[in-house]
Every structure is written in C-alpha cells, then in structure tokens.
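In the order they appear, the protein sequences are chains A and B. For any residue, its number in our numbering is found by taking its place in the first sequence, counting from 1, and adding 281. For any residue, its number in our numbering is found by taking its place in the second sequence, counting from 1, and adding 1.
Worth flagging that the hints you see were computed from the coordinates, not collected in a lab. Certain hints may be false.
[To be verified] What follows is a set of in silico ranges between Cβ atoms, one per label pair, in the way DEER data are often shown:
1. B:Glu-88 <-> A:Glu-353: 30 to 38 Å
2. A:Leu-388 <-> B:Arg-21: 49 to 57 Å
3. B:Pro-73 <-> A:Tyr-292: 16 to 24 Å
4. B:Gln-89 <-> A:Ser-324: 36 to 44 Å
5. B:Arg-6 <-> A:Gly-314: 19 to 27 Å
6. A:Ala-395 <-> B:Gly-90: 37 to 45 Å
7. A:Ala-332 <-> B:Glu-69: 28 to 36 Å
8. B:Pro-112 <-> A:Ala-402: 51 to 59 Å
9. A:Gly-396 <-> B:Ala-61: 36 to 44 Å
10. A:Ala-291 <-> B:Glu-88: 36 to 44 Å
11. B:Leu-67 <-> A:Ala-332: 51 to 59 Å
C-beta: ideal position from N, C-alpha, C; glycine also.
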Amino acid sequence: MRVLQIIESAYRATLEEQDDTVLWFTRALRAAGAQADVLLQGSAVSYAVRAQDARGLRVGAWQQVHPPAIAEEIAALIGSGARVAAIKEDLDDRGIAARQLVADVELLGRKSLAGLFGQYAHVWKW
Amino acid sequence: MNDTRCLAFLLMDAPFEQARTATAFRLIDATLRAGIGARVFAYEGAVSLSVTRQKPHANAIHGRTLEEEAHPTPHAWINALADLAREQGVPFDWVNCGLCVDERGADETVPAARRGSPADFWKMAQESINTLVIPTR
Numbered sequence: 282m283r284v285l286q287i288i289e290s291a292y293r294a295t296l297e298e299q300d301d302t303v304l305w306f307t308r309a310l311r312a313a314g315a316q317a318d319v320l321l322q323g324s325a326v327s328y329a330v331r332a333q334d335a336r337g338l339r340v341g342a343w344q345q346v347h348p349p350a351i352a353e354e355i356a357a358l359i360g361s362g363a364r365v366a367a368i369k370e371d372l373d374d375r376g377i378a379a380r381q382l383v384a385d386v387e388l389l390g391r392k393s394l395a396g397l398f399g400q401y402a403h404v405w406k407w
Numbered sequence: 002m003n004d005t006r007c008l009a010f011l012l013m014d015a016p017f018e019q020a021r022t023a024t025a026f027r028l029i030d031a032t033l034r035a036g037i038g039a040r041v042f043a044y045e046g047a048v049s050l051s052v053t054r055q056k057p058h059a060n061a062i063h064g065r066t067l068e069e070e071a072h073p074t075p076h077a078w079i080n081a082l083a084d085l086a087r088e089q090g091v092p093f094d095w096v097n098c099g100l101c102v103d104e105r106g107a108d109e110t111v112p113a114a115r116r117g118s119p120a121d122f123w124k125m126a127q128e129s130i131n132t133l134v135i136p137t138r
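Chain A with its partners taken away, still in its complex shape (with noise of 0.2 Å):
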C-alpha cells in the first residue's frame, strides 16, 4: 500500500526529535513496512535545500548537541528508497533554485499533483 505524506508545515517542533517530526514518522513507517514517498509544499519545500545549519542554540550552560538536520534527513529518506518531491512553483515563490537542493529531490509542477494522488492508496496530509 503506497502511501503519500504531504508536508506543509516547516521547522515545527523539529526539537521534539531533533528532526521534522512528520520525516521522522515517515523514516519510521518505513521501517514498519510502508511504502511512504514525501511531497514538500509551501514553505516546507526549503526542507530540500542542502545549505541548512540548525546549530547554535544554548540555554543558559545547556547547549543543543545534535540540533536537527533536516537536508541530511531528507538525503536519508532518498536513501531507503523513497521518492521525494517539492513543488516547483513554491520554490520559484522563494527564490530557491533547482542547484540547491538535496540530490534526487523531484520537482513537481502544481498541475502534476492529481496525477501524482492517483498513484497512491492514501494521501496523507500534514
């Protein structure tokens, strides 16, 4: 059963494990069996984006050790097989060029997307 998590939402509660936490369920079902793809959309397209640091952030004496890094994620999920895409549109809108991005990210145009829906049993939406 193939599965398609769309992502909207970007750099939200990526403390909570030290990742995107909607990437990490994806890593995680995955690993139960799934066969779960990524589609980046709005802002959560600069997830592709290979030139992130996250690192930095201190409290008091307390320093964040492995902060989240979400390009290498990404990379990781390509890596076990997964198809991830972004909208090209959405990263037009933000000045974001193909060159930029994590290797074997997909660009996609909007009108592609029903599509790309028909190719899956659920189209999760986050």
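With the hints as your guide, set chain B onto chain A.
Relative to the frame of chain A, chain B by itself:
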C-alpha cells in the same frame, strides 16, 4: 479486529488550544454511532489527551461551582468513546506514541489508552477502510 469495518485517525494536537481536538472527537463519536470501529493514534501533543491528571475546575468568572461548570477534560472523552464503542459493539483502540509520552511525562493515562509506536499506526491504517490525519498547525 480485521473482520469489522473501522476508520483510523491520527491526532497531533494537545488539549484545548485549538478547535481541531473537539472536531476530531466529534468525528470519532460519529464514527462509533454509525456502527463503525475507530482506531486512534495520538502523536506529539495529542498524547496528553489521555492523561488522567487533568482536573476540572470551578469558574468564578461564570459564577459556577465545580459541579455546575462541568469542565470538559479530554481523558473523560476518551473514556466516553470507549464506553460508546462497547455499547455499539464495535472496536475502539487508542494508541499513544510512546516516545511522545516519555518526552512529556504523560504516562498516567486512561485504561483505554495503550503505548505504541508509528508501526502501530501503520497497522491501523492497513486494517482500516480509510485513515484521516488531523495535523497540528
């Protein structure tokens, strides 16, 4: 539970701060009243819905006592859903994301709630006729 029609739900919001929690409970209530089982996976803040340390309070602004105010507590709603499912003779399952429980110290829960993982949600989705994810915003 495979021989009974069920719907699966995934909730993410903590109690009270938004309208999605009440909407989700109404959807689950309607599901059970229609004679369809419900499987619920609580992720992130939604694990706090089942915590039994929630306490109703009086409301001096409203001029009402504790009993009169009848403050809603989500753990009581989960108990009510479990009771409704029994009356209807349909399955009801509530699974809390265990890691989310640990992060929040939310481990004192109603008996109807059990601890699990995303693998349980995947199983719920596979065994249900459809699945609704109600994400936080």
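For each hint, the structure was consulted:
no.: 1; hint: B:Glu-88 <-> A:Glu-353: 30 to 38 Å; in the structure: 50 Å, violated
no.: 2; hint: A:Leu-388 <-> B:Arg-21: 49 to 57 Å; in the structure: 32 Å, violated
no.: 3; hint: B:Pro-73 <-> A:Tyr-292: 16 to 24 Å; in the structure: 32 Å, violated
no.: 4; hint: B:Gln-89 <-> A:Ser-324: 36 to 44 Å; in the structure: 41 Å, holds
no.: 5; hint: B:Arg-6 <-> A:Gly-314: 19 to 27 Å; in the structure: 23 Å, holds
no.: 6; hint: A:Ala-395 <-> B:Gly-90: 37 to 45 Å; in the structure: 40 Å, holds
no.: 7; hint: A:Ala-332 <-> B:Glu-69: 28 to 36 Å; in the structure: 59 Å, violated
no.: 8; hint: B:Pro-112 <-> A:Ala-402: 51 to 59 Å; in the structure: 33 Å, violated
no.: 9; hint: A:Gly-396 <-> B:Ala-61: 36 to 44 Å; in the structure: 58 Å, violated
no.: 10; hint: A:Ala-291 <-> B:Glu-88: 36 to 44 Å; in the structure: 43 Å, holds
no.: 11; hint: B:Leu-67 <-> A:Ala-332: 51 to 59 Å; in the structure: 56 Å, holds
Against the hints set out earlier in the document, violations occur for numbers 1, 2, 3, 7, 8 and 9.
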